[in-house]
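> Residue numbers (full-length UniProt numbering), protein chains in the order written: chain A, 1 to 330; chain B, 1 to 690.
Any given hint could be a false lead.
[Said to hold, decoys possible] Which stretches of chain B does chain A cover? Using the computed rule of at least three CB atoms under 8 angstroms from a CB of chain A, they are: (1) 271-284; (2) 461-470.
[As the list claims (entries may be wrong)] Sample of chain B residues with no beta-carbon within 10 angstroms of chain A, all distances over it, derived: (3) ASP42; (4) TRP47; (5) ALA48; (6) PHE51; (7) PRO88; (8) PHE139; (9) LEU169; (10) THR196; (11) ALA317; (12) TYR358; (13) GLU641.
No lab work stands behind these hints, which were simulated from the structure alone.
Predicted model only: the values in this text are computed from it and were never measured.
C-beta: ideal position from N, C-alpha, C; glycine also.
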Amino acid sequence: MTEGSTTPAADRDRSVDPLPVAEARALVERVTGNVGTVVVGKTDVVEDALVALLARGHLLLEDVPGVGKTMLARALAGSIDGTFSRVQFTPDLLPSDVTGASVFDEADGEFDFQPGPVFGNVVLGDEINRAPPKTQSALLEAMEEGQVTVDGEAHALPDPIFVVATQNAVERDRVYDLPVAEVDRFTKKCTLGYPDVEEEIEVLGRVVGHHPVEDVEPVADVAALRQARETTARVDTAEPVRRYVARLVAETRERAALGASPRGGVALLRCAQARAVLDGRDYVVPDDVKREAPSVLTHRVRADAGAELGGPDAGRVVSRALDVVDPEAP
Amino acid sequence: MTRHVPVLGRCTPARIAALACVAVLSASSLAVLYHVVDVVGDLRLFWAVLFGSLCLAALAQAVRPRYALAVGVALLGAGLLAYVSTAPESYTRSLTVAQVVDDAVTLLTGYSVLRMVNVLVWALAVVPAPAFLTWYFAFRERYAPAVGVAGLALGFFVLTGDSTGTATLVGALAAAGTVGFGTLDAHGATREQVETVGVALALVAVAPVVVSVAPGGSGATFGAADTAPTTSLTSAEERIGLGGAIDLSPTVQFVVRADRPGYWRVGTYDRYTGSGWIRTGESGTLAGPEGADERVAQRVTAKRPLSAMPAIAEPVAVDGVDYRVTSGGTPVPEGVLATNESYRVVSERLRSGQRALYAAGTDYPDEIERRYLQVPDTTGGEVDALAADVTANASTPYAKARAIERWLERTKAYSLDAPAANDHLVRTFLLDTETGYCVHYASAMVVMLRAEGVPARFVTGYTPGEQTGLGTWTVRGVDSHAWVEVYAPDTGWVRFDPTPADARINAEEAAIANATGTDAETPDGDRTTSTSTTTTTSTTTASTSSVTANATPVTTVGGAEGAGGSTLPGPRTLLLWAVVALGIAAVARRLGLLARGYRTLWVRWLPDGDPDAVVAGAHERMLYVLARRYRPRASGETVREYLDAIDASAPARRLAALHERARYRGDVGTDEADEARRALRALRDENGRP
């Protein structure tokens, strides 16, 4: 797979009719509201997740355990009437545990492909940084290419497929940090964080007894989501906007040991498109870009040679670039 | 601007020096207005207005400069409005922009403000604005604007010709000093540095004198040369300076053929400035006296270039040359009469003029009273008392005129070597030197008559001259003369001549004899070489045909330079204008006025074009307006963020939304362009007022 295939036009199914922007926006609002019945108070992150979904990307959540990452993914899957699967990454997890494997069927004497957990509309890769690199890359290649190849045979993944991977932010000594090239494949990186006291009271009230995630009713279907993604892909990106994105990305490269990659720029523009849809527009304005830049760019930036990828310094690099680059420049 | 407002009482050497220089500079321009008010009105008014302006300047210290500037402009505007509202109805009726521009140009090309009929109101109207602004800025230690305002005022009077060379030089030095000391003050200079600037200024003042003394030096001295002719910078036709020694040349000026001789009148003057006479107003008509019973036809042939048309009073018809009529009822040629050019003039007079005055009452028309009873404020007092004393036994205007005439003839000594001019010529002549020639006698008589409430005017011209044939009179420079006309109701102007006739004739003959001995007879010479008796206040060297402090009322023009100079300003004037214009442009640029002025126009003028460009233009102007009102948009800020941050109004947001569509979607049409225009207009209206 080449870098070129990540451009917005290349990997999209042109046979899908786009929804009107207003309907796409309504769909997003329905889903957001629906997920909100399960995940209390995290509207921003839910929106971020939907932006990543519409932008045909994947979401990396870095969090302490137990803040509702799984609930988010499951509620999202339930809301769009899609399939949900979960992979718990452990140090002994093998690539085929993710992708699936060919199993010899003694009845007809052939190898049958048994799909792994990656075959789902919403795939939760839990604690992805606890598995060895080889296993990690199996998932990441799957989500990049939209298919898995087992024993020389290609198997198409469902469309849409939306991977929500989580990283354990504690216990950093027993993890395999994701290499730069793989982190780069996540469109956005977000943090749910702890709820505040009021939210927590609400959470406690909701989940004792019967967990609401069991009751999530679909408010959209997978087909509509595909259409909404097509709508997003067709949102206008004018030359000044593209220039703004390019200058932002270039600025991070000026200011950090490792700046955002070209793939980061593409991701940023796509997310800006999705953000425009959320705002009911069929064209991108710089505000969309500015809104998306921190969550899209930060995890791709390493401020200094020894610094952590996407650490606090990286955040400063991005916000400084946003302060410096003039979105209204001619 | 967060600039601190300095304490008024702060005293450093540099600040004291700077404020002193501001005072001198301000005074050098206000001096002209002081003089004007002195001539035509009550000086207490001037002091009151000036005091009020300075108080306002002191009170306005806390106000921001732009508001103070607005106050200054408003003061000036209100003053000029007051001036226009008190102007004669005939003037206001014909008031157009072109007329105003024309008047301004006329003023700025050497039309002394004293020639304005209603100059008192004008002078009082223009005092407050420069005084207020100059001192407002000076108190706030913003010396550059202070100098700018005061310098503009001084420059104005330089251009009108009312500011003398000395006053202008002093003003320029004060301006330089203000800036120098002000800069030193701002940087906390030491006493030595302040003194250095003082020395430099002194050098600037002294250098011209020294340079002119040096061999081959051509610098103009000031002081010595300044005393004689400074009052007559403008054309002598409208203005006559007094004092100083007089030049009586034996050169033949013109020849008259007429049935009988008379006083060949050249000009009449109504306004006495203390140091000279000015004719106010622009133009008048030729009119004879009521009940005229004698007509005199004259043919006058110029024997050297003349810029006047001598004729017996009152001329009623002229032909032979192009001419215009002054407000005093005398004809003057358009351009200059060439040698041997001649014209014919018919005059009417009342043979029984003095008798008519004898019988006349004191029921003067308002117009006459307004114009011909003016005496400078500072001349009054003792002169009034003297006039009252001399006319103690006279009850009618005629008796008063006779009494004053006789008293002058009897008690004053005739001399062509009169003492040098000063600002109170009549007072000096009457009370101090008691020596003078026709101009002094005539001026003194007019002033005394006016003090007694009798309208009178100062008249220049020539005595009949020498009869050189049957009905032919040859008139020379030595025949130039000044006399008095007294107004008699229902009759008109009646001539009086207070100069002792025999003394005058003796002096003239002596002059001619003297000239014959040294300079030979030059009856028709073009030369203006003067006799040895006097200083040569030469008329040939002045490019603007100026007659200086002598009594020669006919302007003699030397060379071709003067002939063309009567309509177009001379090259020197143009150069001066260019320098002034450059200076103003530089100051304006320095203060950012040009850029701001351009921006102001730019914000208002949104060109047509394709809708995208219109919306983009409107948006750009919106950002400019908002930046001035609130703050500029920060570099990394999107327009939405900016509008949120300044809590912008609905029109701004509407315009921003239109711009987003135009810029990021590119599908705006003429409707959107019109909407953008409307939004911009609404925004301007919102933010137009501070």
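> State for each hint whether it applies.
We went through each hint and held it up to the structure:
Using a Cβ-Cβ cut-off of 8 angstroms, 0 residues of the region 271-284 of chain B lie near chain A, which falls short of the minimum of three, so the contact claim is violated. Note: the region 461-470 of chain B has 0 residues with beta-carbon separation from chain A under 8 angstroms; the three-residue rule is not met and the coverage is violated. Chain A leaves ASP42 (chain B) outside its interface by the beta-carbon criterion, the shortest separation being 63 angstroms against a cut-off of 10 angstroms. The claim that TRP47 (chain B) is not at the interface with chain A holds, since no C-beta of that chain comes within 10 angstroms of its own (minimum 58 angstroms).
Even its closest Cβ contact with chain A, about 57 angstroms, leaves ALA48 (chain B) beyond 10 angstroms, as expected for a residue assigned away from the interface. Listed as outside the interface, PHE51 (chain B) is consistent with that label: its C-beta sits roughly 54 angstroms from the nearest C-beta of chain A, beyond the 10 angstroms cut-off. PRO88 (chain B), annotated as away from the interface, keeps every beta carbon of chain A farther than 10 angstroms; the closest lies near 59 angstroms. In this structure PHE139 (chain B) is separated from chain A by more than 10 angstroms, as the shortest Cβ-Cβ distance comes to about 42 angstroms.
At roughly 53 angstroms from the closest C-beta of chain A, the C-beta of LEU169 (chain B) stays outside 10 angstroms, upholding its exclusion from the interface. The beta carbon of THR196 (chain B) is kept farther than 10 angstroms from every beta carbon of chain A, the shortest such distance being approximately 48 angstroms. The Cβ of ALA317 (chain B) sits about 75 angstroms from the closest Cβ of chain A, beyond the 10 angstroms cut-off, so the non-interface label holds. Against the 10 angstroms criterion, TYR358 (chain B) stays outside the reach of chain A, whose nearest CB is about 90 angstroms from its own CB.
Non-interface status of GLU641 (chain B) relative to chain A is broken: a Cβ of that chain comes within 10 angstroms, the nearest being about 7 angstroms off.
Hint compliance for this structure: hints 1, 2 and 13 are broken, all remaining hints hold.
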